[in-house]
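Protein sequence lines correspond, in order, to chains A and B. No gaps in the numbering here: position 236 of the first sequence is 236 in my numbering, and each next residue is one more. No gaps in the numbering here: position 24 of the second sequence is 1024 in my numbering, and each next residue is one more.
Derived by calculation from the structure, the hints in this document are not laboratory data.
DSBU-like mimics (lysine-lysine), calculated; alpha carbons at most 35 Å apart, straight line:
#1 B:LYS1048 - A:LYS373
#2 A:LYS107 - A:LYS156
#3 B:LYS1048 - A:LYS544
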Amino acid sequence: MLLVLLSIVILISSASLALCLGRNASRAQDAGAYGAAAASAAGLIPALQVLLTGTAETISFPWPVPLGSFTFTLDPLSAFFLVPLYILTGLSAVYGVDYLKNYAGRKPLGLAWAAFNILTAAMVLVFTAGNAVLFMLGWELMAAASFLLVLFEHEKPQVRRAAFIYLTAGGAGALMLLAAFSLLGAGSAALDFSSFPSPSRGIASAVFLLALCGFGLKAGFIPLHVWLPEAHPAAPSQVSAVMSGIMIKTGIYGLIRVLGFIKPWEEWWGWTLLIIGAVSCLLGALFALAQHELKRVLAYSSIENIGIILLALGLGMAGAACGADALAGLAFGGALLHVLNHALFKGLLFMGAGSVLHGAGTAELEALGGLAKRMPRTAPLFLAGSAAACALPPLNGFAGEFLVYLGAFRSLNSAGSTAIAGVVSGLALASAGALAAAAFTRAGGAAFLGEPRTERAAKAREAGPLMLFSMRALVLLCLLCGLAAPLLLAPLGRAVASGFGLSFSAAAAGAASVPLLYVSAGGLLLLALIALAAARRSAFLGVKMPAAGPTWDCGYAAPSARMQYGASSFSQPLTDFFQPILRKLGQYPVISEYFPGRASFSSEAQAVFFNAVYLPAAVRIRNLAFRFSWLQHGRLQLYIMYIVVTLLGLLLWKL
Amino acid sequence: MEIIKPLLQCLAALLLSPLLAGVINRVKAFFSGRRGQPLLQLYLELYKLSRKTPVYSRTTTWVFKAGPVIGLSALLAALAVLPFAGRPSFLTFEGDFIFLLYLLGLARFVTVLAALDTGSAFEGMGASREMQFAVFAEPAFFLGLAALARVTGQGSLAGMFGALTGESWRTAAPVLALLTASFFIVLLAENSRVPADDPNTHLELTMIHEAMALDHSGPELAYILYGAALKLWLFASLIACMVLPRHSGSWVLDSALFGLALLGMAAAVGVVESIMARLRLTKVPYLLITAFAFSSLALIFQLGR
Chain A
1 MLLVLLSIVI
11 LISSASLALC
21 LGRNASRAQD
31 AGAYGAAAAS
41 AAGLIPALQV
51 LLTGTAETIS
61 FPWPVPLGSF
71 TFTLDPLSAF
81 FLVPLYILTG
91 LSAVYGVDYL
101 KNYAGRKPLG
111 LAWAAFNILT
121 AAMVLVFTAG
131 NAVLFMLGWE
141 LMAAASFLLV
151 LFEHEKPQVR
161 RAAFIYLTAG
171 GAGALMLLAA
181 FSLLGAGSAA
191 LDFSSFPSPS
201 RGIASAVFLL
211 ALCGFGLKAG
221 FIPLHVWLPE
231 AHPAAPSQVS
241 AVMSGIMIKT
251 GIYGLIRVLG
261 FIKPWEEWWG
271 WTLLIIGAVS
281 CLLGALFALA
291 QHELKRVLAY
301 SSIENIGIIL
311 LALGLGMAGA
321 ACGADALAGL
331 AFGGALLHVL
341 NHALFKGLLF
351 MGAGSVLHGA
361 GTAELEALGG
371 LAKRMPRTAP
381 LFLAGSAAAC
391 ALPPLNGFAG
401 EFLVYLGAFR
411 SLNSAGSTAI
421 AGVVSGLALA
431 SAGALAAAAF
441 TRAGGAAFLG
451 EPRTERAAKA
461 REAGPLMLFS
471 MRALVLLCLL
481 CGLAAPLLLA
491 PLGRAVASGF
501 GLSFSAAAAG
511 AASVPLLYVS
521 AGGLLLLALI
531 ALAAARRSAF
541 LGVKMPAAGP
551 TWDCGYAAPS
561 ARMQYGASSF
571 SQPLTDFFQP
581 ILRKLGQYPV
591 ISEYFPGRAS
601 FSSEAQAVFF
611 NAVYLPAAVR
621 IRNLAFRFSW
631 LQHGRLQLYI
641 MYIVVTLLGL
651 LLWKL
Chain B
1001 MEIIKPLLQC
1011 LAALLLSPLL
1021 AGVINRVKAF
1031 FSGRRGQPLL
1041 QLYLELYKLS
1051 RKTPVYSRTT
1061 TWVFKAGPVI
1071 GLSALLAALA
1081 VLPFAGRPSF
1091 LTFEGDFIFL
1101 LYLLGLARFV
1111 TVLAALDTGS
1121 AFEGMGASRE
1131 MQFAVFAEPA
1141 FFLGLAALAR
1151 VTGQGSLAGM
1161 FGALTGESWR
1171 TAAPVLALLT
1181 ASFFIVLLAE
1191 NSRVPADDPN
1201 THLELTMIHE
1211 AMALDHSGPE
1221 LAYILYGAAL
1231 KLWLFASLIA
1241 CMVLPRHSGS
1251 WVLDSALFGL
1261 ALLGMAAAVG
1271 VVESIMARLR
1281 LTKVPYLLIT
1291 AFAFSSLALI
1301 FQLGR
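Turn these sequences into a full structure, and let the hints guide you.
Below, the structure is given as structure tokens:
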């Protein structure tokens, strides 16, 4: 526990150091990166220890803030979120050293590193806070630090827009959380998590809805996702990795914590989560398929994965409502395991996208191509990450989803509504999986394979050694977590027990262990077969020298890079089919003559929800707010007077 | 003896799967009044290709070579999960069909990447369509397996098919018939047969699977063709296990009957191919959605029982 606090101290002091050294880019980089890496190393020890032993630790200091206390709790649930946090932030910091070199001199790197380390410290605070005031402090600090990081390239107008949307979403979410915690702690002396009174049914439902929206705005499930595909791609890539990999999981963590305070669960809560999750994973994957920029593809894929996690939580709650503990435990376990797995592969993918951006100067899919030749070390890492994101064995993405599937199929043999919950979640997972596979083959293929489509892509250069180091470490972890999934079951069970209840983990342990062992065996068999098939192929080739030639374009002798299938042509059959949902904007050439002349084609993925729902709503709110503009004069004296009048009013009320 | 059975079953699949393609071709030849290729044509081709020197496009990278290797390995691993005549193979566990489904997904993933690696418009076209049809085929297949799990109350493929008896066909005939129809449509689409795709045309704009292998040659092409034969065997096995639920208790007799059923499946594919035209490309999703509807109906019937 003390080491976790130490990691916070290291992070904050290295952040201040980086800020002070801001003028000297390389020293600021060192201070920030070494600090983050050291904090990760220090923090991982207690987190792993708690997961292995299962004993929770609490430290409390007095804090002269009304309702607040410096209470830190490290239980297996916290630890299960801390492990990916430390792994990912540490590796991202290492990655960032090489990645940010391009910006030295142009950008205040000291500030960026300070914000990064404070973001990390704030997330540690969120995962370990045992008091609502402390939790909200961490929560707001996290929002502020990440806002600064999103603004890193503030000279671009779309970045400023993204940051503004992000700030608004964060503020709205925090307000709802404040309301939720106030309802929870009404009447108690301190807002300690351990001392929340058991709420009445009506209050519990209100808290559930507030927490769902408040945490949902951070987790980014549909329809509360609009900020995510704007903000995540705008930040520097190692920050995108942290934001998509672990920061959105703070929303999931908070939701699980609050669900623990408002037991027993109502049945409709589970169904709400299930439906939101199913919609998020399907639409997230579908929107990912329509994006033209690599980091936006990944951002939408994060929405898909958050949907999968939420879907699993909902399935578990639906199962728990009808007493199917094994089913609930499998689903909860799947949700948590997917939290870990998604952090690993999404971190890897964002770093890969960052390397593309770093090496080719653009991440627009239609401008890339052929990077596998120019960035031979990055390409296999990115493609492996894509395979993990599609939940393909033997990588890690499969294990978590497999547990959810097991839960879903368990439910099939139970009565009525639970069976339907199982069918809905299984079907959503399978369909989202197929869509995600299309999205990732499209993104990986367009960026790395074929011929370069532009000059910039042709001149792309390989990522730096530290960037490669971080990505390699993550690929290794992806493979390891895939093959050694049965070993993860014991710590996972402890996390499920501490987050949801002992009965679930106990019931699920027996149900999950044998199938997961077989899955691992199957993964090893697959690797062995690949080795065998590769060896057999070399034996077939023998000493023969394969000939080299042009790509055979059905007799056409001068194929050019522009004739390749591009990203939008690859996805066109599917995006056209789903046009009523995607509402792509575009211009298709109409051919009317026998010898058509020059034609142009354009297609743009629309932010459907933002344009259809949020923008009109925002305009309404703004118009309403203008009616109160007479209160705003921009004069400081007047504002001070408002404050004084308010204080006087409060004083009189208290008298 | 018990350990040898799965081994013999896998060996049978490895050795006999290219035969199915031969049967299909002979049936098609019969319908069109030709003599047709030798029954063992695919074996000969595999042998020939394995000894050829490949030609690699200058555009391609390691992805192009890894695609057939990983794709074939995924299908070989799937054989270890696939039941034979309703009897378990090596890896039989709760949820094994999910593993099977994702192994097929892996094979598709690497095949598509290998096709995109050539930078050819034709291969890109095939890859794009393959992914499109998978989006419709996968839910249909998944829902069908869910219905089957509900019918039998079992969690593994071998368990499900082992629990199917003649009695199940009497009590749940509509469900099983719908499932058979759904799986057969998925088989046709996944194995690029008419009416979803035409394996005879290499150079038409409607081609899907063949287009993705245009640049592959030599041992890599042999891997792809062999993988396709295994995939056909795999889907045909699932349907054969369903329509042939009677277990005599004798392993030899069951296996022989199962083998005959597989040949029958191949003949059925050949008949469909002979008497039907290929659908227009834009209509193929509707065919797969029909399969999805069949699966959902089966599941709804079963949930209502």
